[in-house]
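Sequences listed follow chains A and B, in order. Counting along the first sequence from 1, when you hit position 11 you're at 11 in the UniProt record's numbering, and nothing is skipped either side. Counting along the second sequence from 1, when you hit position 57 you're at 57 in the UniProt record's numbering, and nothing is skipped either side.
Treat the hints with caution; some may be incorrect.
What the hints assert, rightly or not - Below, a list of computed lysine-lysine pairs in the DSSO-like style, where the Cα atoms sit at most 30 angstroms apart:
id, chain 1, residue 1, chain 2, residue 2
1, A, Lys-90, B, Lys-101
2, B, Lys-101, A, Lys-6
3, A, Lys-19, B, Lys-145
4, A, Lys-19, B, Lys-144
5, B, Lys-30, A, Lys-79
6, A, Lys-79, B, Lys-58
To be verified - Ranges of calculated distance between the beta carbons of each label pair, as one might list FRET restraints:
id, chain 1, residue 1, chain 2, residue 2, range
7, B, Asp-226, A, Lys-6, 45 to 55 angstroms
8, B, Asn-106, A, Pro-72, 43 to 53 angstroms
9, A, Asn-10, B, Gln-10, 36 to 46 angstroms
10, A, Glu-86, B, Arg-23, 21 to 31 angstroms
11, B, Ala-71, A, Pro-27, 28 to 38 angstroms
Treat the hints as calculated values from the structure; they're not laboratory data. Just so it is clear, CB atoms sit at the ideal spot from N, CA and C, and this is done for glycine as well.
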Amino acid sequence: MRIFLKKFGNILTSRQAGKEALAAFEPNLRALTADESIEIDFDGVGSLTPSWADEFLIPIFQRYPERVKFLPTDNSSVKETFALLEDIHKIRLS
Amino acid sequence: MNPPLLSISQTAQLLGVSLQTLRRWDESGKLKPIRSTATSYRYYRQSDIDSFLQSFPKNIFRMGYTWAVSATPYEPPAIFFCPTQVVFQARLQTLFTLLTKLNSKNVDIPLLIAIIGEIGNNAFDHNLGNWPDISGLFFAYDLKKREVIIADRGQGVFTTLKRVKPSLTNDVQAVRVAFTEVISGRAPEARGNGLKFVRNVIAHNAMQLLFLSGNARLQSMGHSADLTINETKGTFHGCLAKINF
Numbered sequence: 001m002r003i004f005l006k007k008f009g010n011i012l013t014s015r016q017a018g019k020e021a022l023a024a025f026e027p028n029l030r031a032l033t034a035d036e037s038i039e040i041d042f043d044g045v046g047s048l049t050p051s052w053a054d055e056f057l058i059p060i061f062q063r064y065p066e067r068v069k070f071l072p073t074d075n076s077s078v079k080e081t082f083a084l085l086e087d088i089h090k091i092r093l094s
Numbered sequence: 001m002n003p004p005l006l007s008i009s010q011t012a013q014l015l016g017v018s019l020q021t022l023r024r025w026d027e028s029g030k031l032k033p034i035r036s037t038a039t040s041y042r043y044y045r046q047s048d049i050d051s052f053l054q055s056f057p058k059n060i061f062r063m064g065y066t067w068a069v070s071a072t073p074y075e076p077p078a079i080f081f082c083p084t085q086v087v088f089q090a091r092l093q094t095l096f097t098l099l100t101k102l103n104s105k106n107v108d109i110p111l112l113i114a115i116i117g118e119i120g121n122n123a124f125d126h127n128l129g130n131w132p133d134i135s136g137l138f139f140a141y142d143l144k145k146r147e148v149i150i151a152d153r154g155q156g157v158f159t160t161l162k163r164v165k166p167s168l169t170n171d172v173q174a175v176r177v178a179f180t181e182v183i184s185g186r187a188p189e190a191r192g193n194g195l196k197f198v199r200n201v202i203a204h205n206a207m208q209l210l211f212l213s214g215n216a217r218l219q220s221m222g223h224s225a226d227l228t229i230n231e232t233k234g235t236f237h238g239c240l241a242k243i244n245f
């Protein structure tokens with residue numbers, strides 16, 4: 001499964017929007033097959049913050065740590081967001 | 001029904017200028033009030049004030065500061081007021097589109113939008129159900145001066161942070177913690193690390209931040225992790241951030 005984050009919006013900044021995005025996407029996650037991988041695609045995302053990512057990306061990553069793959073991106077806000085979340089949650093995202 | 005008119009005092013407060021300035025602008029034609037006779041009181045239409053703000057350069061920092069610290073709560077000019085997070089999100093999207101169209105050099109647009117988003121959304125998240133008077137944000141930008149102002153009349157950093165870190169005793173301590181310490185396990189939900197993100201972004205980019213809350217004043221210059229935090233004479237219960245990029 002590939003999750004195109006741009007489908008949730010161009011600028012992904014608030015916790016509330018991140019929570020709503022996850023709630024809306026839950027049915028898709030429940031349809032995952034046992035060994036299916038999850039690719040997170042940042043193409044078309046204008047700006048991402050730790051708050052949005054903490055409500056959407058981190059719960060998915062924590063639920064499927066072996067199956068989530070973050071696709072490469074040049075977006076500076078994604079890189080800086082990952083740096084902070086790795087520090088807060090003591091995890092390695094990329 | 002006609003929209004209510006604002007008195008000269010209300011208009012002066014809204015624009016962060018003196019009564020004398022408004023009288024001068026009346027004489028020069030820059031901002032004309034409504035007067036039934038040449039000597040009667042001056043009144044202003046909200047729509048005229050909004051048009052004026054769109055047409056003339058303005059000191060958005062002074063307007064935001066005046067609004068945030070005013071002892072008497074009032075709503076800021078409509079074009080700068082985000083009463084809800086949805087409005088803030090829409091205006092942030094507009095700024096993103098404008099900056100992208102202008103293709104401004106030396107601006108990391110994704111990071112600039114991200115830190116504005118963190119500061120603005122922080123205000124909504126931390127004050128939900130607890131706004132002391134006016135709920136919402138003052139959000140304004142001046143692309144010529146490369147300046148963004150985000151202000152709120154919320155509870156401030158000290159009040160919200162003390163709930164999860166009771167050892168805090170003043171605004172300066174609270175602001176330092178907010179910008180430097182990772183706080184985990186914040187009840188009832190994990191939140192509150194947005195300002196660390198802001199600090200990291202400023203430290204690695206050509207941006208500057210001035211952040212006020214209570215009687216604390218934080219300054220962070222671009223390309224440096226150093227924070228200067230000191231106490232100011234005045235105090236107010238919300239937050240104000242000025243970002244230069």
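Should the hint that Asp-226 (chain B) and Lys-6 (chain A) are 45 to 55 angstroms apart at their CB atoms be regarded as holding?
With a Cβ separation near 36 angstroms, Asp-226 (chain B) and Lys-6 (chain A) fall outside 45 to 55 angstroms, so the hint is violated.
* Taking only the CA atoms, is the gap from Lys-101 (chain B) to Lys-6 (chain A) under or equal to 30 angstroms? -> holds (19 angstroms)
**Prompt:** Taken at face value, is the distance from the CA of Lys-145 (chain B) to the CA of Lys-19 (chain A) at most 30 angstroms?
**Reply:** violated (35 angstroms)
- [ ] Using the beta carbons of Glu-86 (chain A) and Arg-23 (chain B), state whether their distance is inside 21 to 31 angstroms or not.
- [x] violated (58 angstroms)
Check your understanding: Is Lys-19 (chain A) close enough to Lys-144 (chain B), meaning Cα to Cα at most 30 angstroms?
Key -> Violated - the C-alpha atoms of Lys-144 (chain B) and Lys-19 (chain A) are around 36 angstroms apart, more than 30 angstroms.
query = Given the hinted pair Lys-30 (chain B) and Lys-79 (chain A), is their alpha-carbon gap at most 30 angstroms?
reply = violated (47 angstroms)
* Assess, step by step, whether the Cα of Lys-90 (chain A) is no farther than 30 angstroms from the Cα of Lys-101 (chain B), and give holds or violated. => violated (38 angstroms)
Notebook entry, point to check: Okay, Ala-71 (chain B) versus Pro-27 (chain A) on CB: inside 28 to 38 angstroms?
Noted result: Since Ala-71 (chain B) and Pro-27 (chain A) have Cβ atoms about 51 angstroms apart, the given range 28 to 38 angstroms is violated.
Could you check the hint for me, namely that Asn-10 (chain A) and Gln-10 (chain B) are 36 to 46 angstroms apart, CB to CB? holds (37 angstroms)
The hint says 43 to 53 angstroms between Asn-106 (chain B) and Pro-72 (chain A); measuring C-beta to C-beta, is that right?
violated (25 angstroms)
Inset, instruction - For the pair supplied as a hint, Lys-79 (chain A) and Lys-58 (chain B), confirm whether the alpha-carbon distance does not exceed 30 angstroms. - result: The hint is violated at about 35 angstroms.
Hints 1, 3, 4, 5, 6, 7, 8, 10, 11, counting from the list given before, are not met by this structure.
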